[in-house]
Structures are given as C-alpha cells and as structure tokens.
Amino acid sequence: MDADDSKLSKLMKSCKTEYIEDAGFTSRVMAALPSDRRIAGNRRLLLLLASLLLSVPLSLFLAGPGFLPGLLAQVRLSIERPVLVLPGLSLGILPVACFALGLVVAASLGFGFVRRVLR
Amino acid sequence: MPLSDADLIARVLVFSDRHAFSELVKRNQSSLRGFLRGLSKGDHALADDLAQETLIEAYRSLRKFEGGSTFNTWLLGIAYNRFRGHMRRNREEPVDMSLELDQPSDGATSNPHPSSDIGQDLDAAMATLRPEEQVALRLCYCEGLSHEEAAVLMGCPLGTLKTHILRAKAHLRSLLDAYA
Numbered sequence: 468m469d470a471d472d473s474k475l476s477k478l479m480k481s482c483k484t485e486y487i488e489d490a491g492f493t494s495r496v497m498a499a500l501p502s503d504r505r506i507a508g509n510r511r512l513l514l515l516l517a518s519l520l521l522s523v524p525l526s527l528f529l530a531g532p533g534f535l536p537g538l539l540a541q542v543r544l545s546i547e548r549p550v551l552v553l554p555g556l557s558l559g560i561l562p563v564a565c566f567a568l569g570l571v572v573a574a575s576l577g578f579g580f581v582r583r584v585l586r
Numbered sequence: 039m040p041l042s043d044a045d046l047i048a049r050v051l052v053f054s055d056r057h058a059f060s061e062l063v064k065r066n067q068s069s070l071r072g073f074l075r076g077l078s079k080g081d082h083a084l085a086d087d088l089a090q091e092t093l094i095e096a097y098r099s100l101r102k103f104e105g106g107s108t109f110n111t112w113l114l115g116i117a118y119n120r121f122r123g124h125m126r127r128n129r130e131e132p133v134d135m136s137l138e139l140d141q142p143s144d145g146a147t148s149n150p151h152p153s154s155d156i157g158q159d160l161d162a163a164m165a166t167l168r169p170e171e172q173v174a175l176r177l178c179y180c181e182g183l184s185h186e187e188a189a190v191l192m193g194c195p196l197g198t199l200k201t202h203i204l205r206a207k208a209h210l211r212s213l214l215d216a217y218a
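Sequence order for the protein chains is A and F.
First residue of the first sequence? That's 468 in the working numbering, and the numbers climb one at a time after it.
First residue of the second sequence? That's 39 in the working numbering, and the numbers climb one at a time after it.
Just so you know, these hints were derived from the structure itself, not from any lab.
There could be a bad hint or two in this list.
[As the list claims (entries may be wrong)] If you want the footprint, here are the derived chain F segments under chain A, 3+ residues with CB under 8 Å:
hint: 1; region: 61 to 68
hint: 2; region: 103 to 110
hint: 3; region: 113 to 123
hint: 4; region: 189 to 195
hint: 5; region: 203 to 214
[Claimed, not checked] Lysine-lysine pairs mimicking DSS-like chemistry, simulated, CA-CA at most 25 Å apart:
hint: 6; chain 1: F; residue 1: Lys200; chain 2: A; residue 2: Lys477
hint: 7; chain 1: F; residue 1: Lys79; chain 2: A; residue 2: Lys477
hint: 8; chain 1: F; residue 1: Lys200; chain 2: F; residue 2: Lys79
hint: 9; chain 1: F; residue 1: Lys200; chain 2: A; residue 2: Lys474
hint: 10; chain 1: F; residue 1: Lys79; chain 2: F; residue 2: Lys207
hint: 11; chain 1: A; residue 1: Lys474; chain 2: F; residue 2: Lys207
hint: 12; chain 1: F; residue 1: Lys64; chain 2: F; residue 2: Lys102
hint: 13; chain 1: F; residue 1: Lys64; chain 2: A; residue 2: Lys477
hint: 14; chain 1: F; residue 1: Lys64; chain 2: F; residue 2: Lys79
Please read all numbers here as calculations on a predicted model, not as lab measurements.
For every residue, glycine included, the Cβ atom is placed at its ideal position computed from N, Cα and C.
The following block holds chain F by itself, in its conformation from the complex:
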C-alpha cells in the first residue's frame, strides 16, 4: 500500500529520507509544472525553473507545513510567491487583456480559426487573464479550494479574491461567447 503524503513528509522530517521526498516530487510535479506553465503563458523552461525552485524551498521549509491544506496546495502557494518574485524582478508588463483567444502564447503563427475543443479554448482564455485572477480561478475551481483557503494561500483579503474571481469569470464569459 503506497504511503500517504503525510507519511512521506514525516519520513523526510524524522529520518531525512530523500527517497521519500523524491516520491513527493514525482506525485506533485505534473500539477505544479502545469500550474506554473499556465501562469508563465506556456514558457515551459521558466515554469520548470520556478517549479524546481519551489520544490527546493519546500524541502528547506518542510517543517513549516502544518497539514491544514494538502501538500499540493501548499506547494502551489510557494509556487505563486516564486512566480510573483520573478515578475517583480523582471518587471514584466501586465497580460494584454485584448489578446485573442486563438493566439498561441509561444509566438507561433496564429490560427485564425477557434479550436473545436472547448477545453483548449478555456486554457487559452485563462492564459489571457492577469496572474492573480488566473491563480484565483485555478485554486477555487481546478484545485477545489474554498474562497477562504485560496485567499490565505494567495495572501490577499477574501474580498479581493472574490473580486479577482468575478472579473476573471466575466472576461472568460466574453471570450468564450465570442466563439460559441
């Protein structure tokens, strides 16, 4: 029977079991890298670098994990802070909200026809959101966190989080309706 995340974390803390941490990384790498790829608009190299930094920080700060949320959620919180730090250092421009739904983020030739897959359209639409709005939506809908949990993870007031979600959903509706 495979060990739970809590058991693996205990093994890392008590026995400095690196194999246990390796197992934690394997279980959470896909979710973490996917989350960061969404924030970095498809820049896979940047997302993987940030994911690696996130996991190293998680290893160093493992004692601070209190178990109030899942380990994956805790990782996403660290990842979001890492991403914000990266944005501040690089002083990137805010996401262009007028970016069309079918414009790929990697700079390849744009496809004038919308995708027939609504999931891909949703992913592309979410990539046009501001990072904090995208994170708020992902945490509350894709990761299943409550608004309160997501607000704590993002380090913002509950009202601010709800505003992010409202604005993000309004923008998504307008983009998705354009291709309905």
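Only chain A is shown next, with the shape it has when bound in the complex:
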C-alpha cells in the first residue's frame, strides 16, 4: 500500500497540464474588464463634491429663512465679543455645529442616493 501510494504521489506530482494557447482569450478578458479604476475613483470624488454643493442650499432651505442671518449674527458676535467661558462658547458654536452636521448628513444621503441611481 505504501509503495503504491508513493508511486501515485510521484505520478500526481509529475502531472503538468498541457499548455493552452491564448487564441484571443486575453483580448476578450481585457475587453470585458470594468472601466479604468482611476476614472472610477475620480467619479466617486466628483459625486461627493456634487453632493456637498447640493447639500448647502438644501440645508439652508430646511433650516428656514431666518437661519442664515441668525448664523451670521452669531458668528459676528463671537468675533466682536470673544467668549472665553465654556458655556458661552458652546452657545455661540451651537448653530455652526448644527449646520455642519446637517451638511455632512445631507452630503452622505445625497452621495448614497446618486450612487444607487447611477449603478
């Protein structure tokens, strides 16, 4: 049994698959490949930027007509009267933080939506 096993193992190890000519196989594969990986990456970046740009007016619209003047007033106030105390600082920064968060959420949602549509 051991001798037979050894003989079979030697036979198996010596097996070499016959070489198969390419005959246009590589060309067919290359023609079927997805688009350039670099272009796909740039497309993703463009989508992200477009989503971000779209999300700005959308966020302002959803925040209401008084939001932007109020935000600018808060920012001006924070500059004219710099606040060093933590509670005051958080009051001044709150609308800015909410606005930034809204931008991020809107951009993410928009990006995901556009990707699904274009897939």
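Since the structure of chain A is provided, determine the placement of chain F on it from the hints.
The following block gives chain F in isolation, referenced to the frame of chain A:
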C-alpha cells in the same frame, strides 16, 4: 528583465496599468483554464467563461490579494468558488464515480482500449472524481500547495481536505490499477 507578478500587481493598483494586468492574464491563463477544464469535465466553453469571470473578479478585488500565496494560487481559489457557484445555480448531478477510465467526457464514441499514456489515463481518472476531491489533489500535488494552504483556499477544515485527498487517491489507485 521581465517584471514579477508582484511588480505587475503593484502597477495595476497604483497606476491602473491595464497593460500590466494584461500581462498577468497572459501568464496565468493557461493554468487557470486548464484547472477549470479539469473541473468542468472538458467543457471548454464553460471553462473559458468561468476563467473570464474569475479574471474580472480578480481585477475588481486585486486590493484583497495579500501576497500570502502566489497570484496563480489566488486565482485558482477564485476560480473554484466561481465553479461552485455555477454548480449550485445549475444543480448538476455529482460525478458518476463508476465512469470507466476510457470514456471521454465530451460524449464522443468511447474507446474500449485504455490509453498507453499514463498521463492521459491520470487526467481521465481525475475527471471522474468529485470536484472537491479533484481540486484538493490538483492543489496539493500539481500546484504544490501544502495541505494547510489548500484548505484555506478551498474554505474547508484541514481534516476535510485530508479526507478528500485520501478518498481521491484510493479511487485513483483502483482505476489506474485496472489498467496496469
């Protein structure tokens, strides 16, 4: 001096060099298609379709190649999974283990006399094995993988792989001895 597989892969990942990937395909197409032809019992069209799907998936997933095995071995792993997916979709019957050694797989008229070439007999015998047994043997003996590497590639426990190999070798011995 020709670039190594690792260099070509780096060029594809960093520069999206399609020419580099084309070179990888040329180097590995014969081994890949031969492996799949063995699994598909000589159905060349099916083997080439699966090989093409394998290479397209490899192109998409190239970042996942960690270099722990050769690129060819990694391709064979993808090819095996593709083949299993195809079998599940088509729900083909298991290979008939009683298939005689000299019966061609393409349905042509069978030759009642065994081949004088032991290599051809071995190929024909391997075609009668179950796919997982055939893959286990090919990976460990023809491709030179260790049992551990082959088990990882096939996604099965090491003990299962060893069982596949034992059963496959027992079956091959009985078939080859019949024509000794």
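**Message:** Hinted pair, alpha-carbon criterion (25 Å max): F:Lys64, A:Lys477. Please report holds or violated.
**Reply:** Roughly 29 Å separates the two Cα atoms, so the pair is violated.
**Distance restraint between A:Lys474 and F:Lys207, which requires alpha-carbon spacing of 25 Å or less** = 11 Å, holds
**Request:** Check, residue by residue, whether the region 103 to 110 of chain F contains three or more positions whose beta-carbon lies closer than 8 Å to a beta-carbon of chain A, and give the verdict.
**Result:** violated (count 0)
**Request:** Report holds or violated for chain A covering the region 61 to 68 of chain F, Cβ cut-off 8 Å, minimum 3 residues.
**Result:** Coverage by chain A holds here, the residue count being 4 at a Cβ distance below 8 Å.
**Asked** With a cut-off of 8 Å between beta carbons, are at least three residues of the region 203 to 214 of chain F near chain A?
**Response** Coverage by chain A holds here, the residue count being 4 at a Cβ distance below 8 Å.
**Item:** Coverage criterion applied to the region 113 to 123 of chain F (partner chain A; beta-carbon cut 8 Å; 3 residues)
**Value:** Violated: only 0 residues of the region 113 to 123 of chain F have a Cβ under 8 Å from chain A.
**Message:** Need the status of pair F:Lys200, A:Lys477: alpha-carbon distance at most 25 Å?
**Reply:** 18 Å, holds
**Request:** Count the residues of the region 189 to 195 of chain F whose CB lies closer than 8 Å to any CB of chain A, then report whether that count reaches three.
**Result:** Not satisfied, violated; 0 residues make the cut.
**Request:** Assess, step by step, whether the Cα of F:Lys79 is no farther than 25 Å from the Cα of A:Lys477, and give holds or violated.
**Result:** Since the Cα atoms of F:Lys79 and A:Lys477 sit roughly 23 Å apart, the hinted pair holds (cutoff 25 Å).
**Message:** Next pair to validate is F:Lys64 with F:Lys79; report whether the Cα-Cα distance is within 25 Å.
**Reply:** 23 Å, holds
**Request:** Decide if the proposed pair is consistent with the structure: F:Lys200 and A:Lys474, CA atoms, cutoff 25 Å inclusive.
**Result:** With Cα atoms ~18 Å apart, F:Lys200 and A:Lys474 stay inside 25 Å; holds.
**Message:** Check the hint pairing F:Lys64 with F:Lys102 against an upper bound of 25 Å on the C-alpha distance.
**Reply:** 21 Å, holds
Against the hints set out earlier in the document, violations occur for numbers 2, 3, 4, 13.
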